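Enquirer: From just these sequences and the hints, can you work out the full model?
Everything in the sequence shown is counted per the UniProt record's numbering, starting at 1 for the first residue and increasing by one.
I should point out that these hints are in silico values taken from the structure, not numbers from a laboratory. Keep in mind that a hint or two might mislead.
[Stated by the list, open to error] Quick list of the computed label-pair ranges, beta carbon to beta carbon: (1) Pro-145 x Glu-121: 38 to 46 Å; (2) Pro-145 x Ala-109: 14 to 22 Å; (3) Gly-116 x Gln-231: 22 to 30 Å; (4) Pro-197 x Asp-221: 33 to 41 Å; (5) His-174 x Thr-95: 26 to 34 Å.
Everything numeric in this text was worked out from a predicted model, so none of it was measured. Virtual Cβ for every residue (Gly too), placed ideally from N, Cα, C.
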Amino acid sequence: MKGRRPQAALRRSAETQAGSQAGSQAAALASLQAAAPARRPGRPSGAARGPDQRNRLLDAALVLFARQGIVDTTLGEIAREAGFTPAMMHYYFKTRDQLLDVLIDERFAPLRAGLGVPFQENPDDPVAAITQLTQRLVQVATDHPWFPSLWVREVISDGGLLRQRMHERFGDAHQKASLSAIARWQKEGRLNAGLEPALVFVTLLGLTILPLATSKLWCNDPMRRNIGGEQIARHAVALLVQGIGPKKAD
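Expert: Encoded structure:
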């Protein structure tokens, strides 16, 4: 019995020391947590940070702008569409004007630059340039389903806010260059002289963007429900190529 008492005492001493160490570690952890700076309201934490969340907000903005217009869409609605709180929306974008500037820089400017490539790559072939532009427009609308409806609502409609902001940002130099190329092709006999240069792009948009913007209405139409981007592009190119060739001599 005497030999067992020192062993029991040793065990109690070890348990006491272990408990003391665990308590010290817990206290230290609590101290560190208390000392950590509090996260500002609205600031994303942990996995919620980063460009992915910002891109989700931009995507949600484009969807709602296409669905109900820019003026009628609030930042709070965009946040809810993306699955975030309004506070997080305001963390990234303080105002709708700031949001529009970001959308123009990051989403519309690259698309706009891409649409100008066919004219740059085919300076002496108007049929190839306009054909490729038609195909690019349809591809953009296919890759970005919000594009046709947003374009109809905010760019080609009277009072479209996006058109105003795009004009303020880029001016009309790009449009003037395109119209100048069309006029030059007509003088060179490469393009039908009966075409009105200022209406070429309006016609092109009418043959591509308008059908794409209304294609959702065709799901119950047996004559149109199987028409997609590929068919719209082929139709537009066939119609344009047959109508824009230089007039043949009698």
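Enquirer: Compare the structure with each hint and give your call.
Expert: Against the structure, the hints come out as follows:
1. Pro-145 x Glu-121: 38 to 46 Å: violated, 27 Å
2. Pro-145 x Ala-109: 14 to 22 Å: holds, 20 Å
3. Gly-116 x Gln-231: 22 to 30 Å: holds, 25 Å
4. Pro-197 x Asp-221: 33 to 41 Å: holds, 35 Å
5. His-174 x Thr-95: 26 to 34 Å: holds, 27 Å
Checked against the numbered hints given earlier, this structure breaks only hint 1.
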